[in-house]
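Chain A is fixed; fit chain B onto it per the hints.
First to last, the sequence lines map onto chains A and B. Sequential numbering from 549 applies to the first sequence in the working numbering. Sequential numbering from -9 applies to the second sequence in the working numbering.
Among the clues, some could well be false.
What the hints assert, rightly or not - If you want a taste of the chain A side facing chain B, the calculated C-beta under 10 Å gives, among others:
1) Gln574
2) Arg577
3) His587
4) Gly593
5) Gln630
6) Lys668
7) Lys730
8) Leu733
9) Leu734
10) Gly735
Derived by calculation from the structure, the hints in this document are not laboratory data. We put the CB at the ideal spot given by N, CA and C, even for glycine.
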Amino acid sequence: MSSFRRVCAIVIALFAAASAVGADVQGVRLEDRISLGGHALVLNGAGVRAKLVLKVYVVALYLPRPAKDVRAVFASAPRRIQMNMLMSVPSSEIVDAIIDTMADNSSPAELAAVKPQTDKLVALIRPFKEVKKGDVVTLDFIGGGTNLGWNGKFRGRIPGEAFNRALTRIWLGDKPVQTDLKQKLLGG
Amino acid sequence: MNALLRLTVVASIALCLAGIGRGAEVGGVKLDEKATLAGQELSLNGAGLRTRLVFKVYVASLYLPQRAGDAQAVLGQAPRRIQLNMLRGLSADQLVDAFNEGLDANNSASDLAAVKAQIDQLSGIMRAFKEVKEKDVIALDFVDGTTRVVWNGETKGTIVGAAFNQALTRIWLGDKPVQPDLKKALLGG
Chain A
549 MSSFRRVCAI
559 VIALFAAASA
569 VGADVQGVRL
579 EDRISLGGHA
589 LVLNGAGVRA
599 KLVLKVYVVA
609 LYLPRPAKDV
619 RAVFASAPRR
629 IQMNMLMSVP
639 SSEIVDAIID
649 TMADNSSPAE
659 LAAVKPQTDK
669 LVALIRPFKE
679 VKKGDVVTLD
689 FIGGGTNLGW
699 NGKFRGRIPG
709 EAFNRALTRI
719 WLGDKPVQTD
729 LKQKLLGG
Chain B
-9 MNALLRLTVV
1 ASIALCLAGI
11 GRGAEVGGVK
21 LDEKATLAGQ
31 ELSLNGAGLR
41 TRLVFKVYVA
51 SLYLPQRAGD
61 AQAVLGQAPR
71 RIQLNMLRGL
81 SADQLVDAFN
91 EGLDANNSAS
101 DLAAVKAQID
111 QLSGIMRAFK
121 EVKEKDVIAL
131 DFVDGTTRVV
141 WNGETKGTIV
151 GAAFNQALTR
161 IWLGDKPVQP
171 DLKKALLGG
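The shape of chain A in the complex, shown without the other chains (with noise of 0.2 Å):
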């Protein structure tokens, strides 16, 4: 082959396969031109939809008298909090969740110090692979522990204030998952 029909070859092949490229947005593969209903359609653009905000549950507090902040709450007992979940959510991502952030929110000394009550509490919610939505998932503190209930049964106990304490932080500490939760369950 002679250099200008190498050349040629090079050029034709480079057109051919640019025209078969179609658009690639995120690693996905968009074709240039499709056929729908008889008709041939050109892709006019494309883009990534780029964050949605999903609702996972709605918490609640309950007490025996009003609460304007954590210090009020932990004076309270019995207390409730109550998760109505509006997802489903596989039960190794609740794990992860309240270990992080139950460390957000306790110091290394006060989370080595209840850590034989949150393997616990690990343990007991391992076993459900899953919460549905709809199901209701209830941390009751009653007589110095935390009775964990869901969908009105009751799941298991979990002894000490510390470790209710703990617990708590993750929706009233000082770094809680949401910052408006937290003022709404303070009543704000």
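Below, chain B without anything else, positioned relative to chain A:
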């Protein structure tokens, strides 16, 4: 007791009872104002919605017979396709919620009311998916005055009416699109 007084008393009692039973409503969940725990009565101190942000939901693309730079020019053409290539899994409920929020934000109350039956039909079609997975492809094809909902190449339902497809298209191309930069990208950037 005269009739007016009796009516007032009955109405007051009824209102009181209604008040007691009312409770709060957050994120569509009805919460009781009171709970009984170990024989003690507790009151609802507060309640809120836990939300989670997910990123890179889908790639949306728009196919038309001729290129169009604005929504008007898009809606003047047929057939047309809006295609969603999923970048992550979502439950059908999450997908339906996202569509309904986009529909509500971009259509007047009367426009929505006019296509309510079709919106319900779309919700039903998508709920039957149960969930969509990463790499799934959802196409909304507008052909001959009808919207076809196509999931991974299979038509899962058809919804009649140009007005409905316009309302649907405004999710991405309306005045309050789900994402302004996505609207721009769909109109050729």
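A quick look at each hint next to the structure:
{"no.": "1", "hint": "Gln574", "in the structure": "5 Å, holds"}
{"no.": "2", "hint": "Arg577", "in the structure": "9 Å, holds"}
{"no.": "3", "hint": "His587", "in the structure": "5 Å, holds"}
{"no.": "4", "hint": "Gly593", "in the structure": "4 Å, holds"}
{"no.": "5", "hint": "Gln630", "in the structure": "8 Å, holds"}
{"no.": "6", "hint": "Lys668", "in the structure": "21 Å, violated"}
{"no.": "7", "hint": "Lys730", "in the structure": "8 Å, holds"}
{"no.": "8", "hint": "Leu733", "in the structure": "4 Å, holds"}
{"no.": "9", "hint": "Leu734", "in the structure": "6 Å, holds"}
{"no.": "10", "hint": "Gly735", "in the structure": "4 Å, holds"}
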